[in-house]
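Undergrad: Protein chains in written order, with the numbering used here: chain U, 1 to 100; chain H, 1 to 325.
Don't take each hint at face value.
[Said to hold, decoys possible] Part of the chain H face toward chain U, derived, beta carbon under 8 angstroms:
1) Leu-4
2) Glu-8
3) Gly-18
4) Ser-30
5) Thr-32
6) Pro-33
7) Thr-35
8) Lys-278
9) Ala-282
10) Ala-285
11) Arg-286
Just so you know, the hints here were simulated from the structure itself, not pulled from any lab data. Owing to the predicted nature of the structure, the values given are computational and were not obtained by experimental measurement. A virtual CB, placed ideally from N, CA and C, is assigned to each residue, including glycine.
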Amino acid sequence: MCPTATADGRRVLVSYDIGDSRARRRAVKLLKRHGVRVLESVFECDVPPERLSGLQRSLQRLLTAPADGVRIYRLCAQCAIPVAVLGQPTEPPVQEVIVV
Amino acid sequence: MAVLYIAEPGASLVCRNGRLEVVKGDARLSSTPETLVEMVVCVGPVHITPAAMASCLDRGADIALLRGNGRYLGRIAGERSSAATLRRLQIERSLDAGFSLDLARRVAAAKIQNQRAVLARQRWNGHPVSPVLLDSLRAQSGDALQAASLDALRGVEGAAARAYFAGLREVLPTEWTFAKRSRRPPTDRFNALLGFCYALLQAEVFSAVAGLGLDPYTGFLHADRAGRPALVLDLMEEFRAPIADRCALACVRLRLVLPEAFQPGEDGGLLLAPPARKHVIARFARTMTHGGARSGHNLRGEVLRQARRLADCFRGGDYVPYRHR
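With the hints as constraints, model all of the structure from the sequences given.
TA: Below, the structure written as structure tokens:
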């Protein structure tokens, strides 16, 4: 774990490759509950440690083809800041306070 | 983790594709991942779908409801873990007059001290505040700590409040000056603004208190009265000046709200117009997360910390109120 890890270590990067469209849509819906879609198949999520294994299990169930895969990277506060953002992210980050 | 404030009249909070979204007509005003929403605060007529409500309650995110005129209406919350032991201790302690008085004294003394701190900072920033008033508030804070009874304590608190609000009047721009602090209905604009900020604060404190399993209706300083969450009001005392009053002052100074933004209400008071409400909410939210002018000071964290300290006090510890500098 990085020396600059956040107190609860909850920021994760989830990247997936899912061939089946329906399974992929399910993955999107699942991940949308937890975070922001930054690229077509990449989400930046905030997941409490106790929920992470549950999320992994749910994603596992969506992997059916041999080429399917999911990678989950834990990000500390420093690592969560991208080195570079090229092009437009698919969604803006979530603010701490939202007023509409 | 996000707090969602909805002040757009006629907006709807819906749950769609794992997101809590605020929509109005065909427009989507916001989209937030479900699991990241910590609390929802609705001001005015906001429609909440059953799915959105279920999503929030399932995850322990309270939905606070305020009327358009800024009056705290109530909240929708899920069932928490019972924490019956803590409640029993709280109720037991509340029957101990000595304990209640001791706690009430500390909180009232801290409230006056924090009021003084707010005015002292105003003076530091070059606004006209009488040093005699500051000394007097300090003395009254000391008196509160020694008060012989709850009645005597309320007397000191009332006198200090009159002096404090008179001092606050002096630092307002002239078009905002008000005659006295009045509640129902607010007869002048700054009072209306303060009332709105207090309602927002009440939503926050209620959430903190209830979230720990404490009984919001059993207090120590505020007397029992039907429909009045005495413990919530008690815990609010030390935060009214540092959070709500400062927020209102900032809104006035930064011209986030103008005197013209007020409309006459049904009961003869003044209401804040919907567009201005959002500015106040944004400033309030900012004050809670970053302390407003003093950046980096998480006041929401302080509220939670004090709620926890209160719980610990019922379990047998000492209560040290929040001291604002």
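Undergrad: Taking the earlier hints as the rules, which of them does this structure contradict?
TA: none
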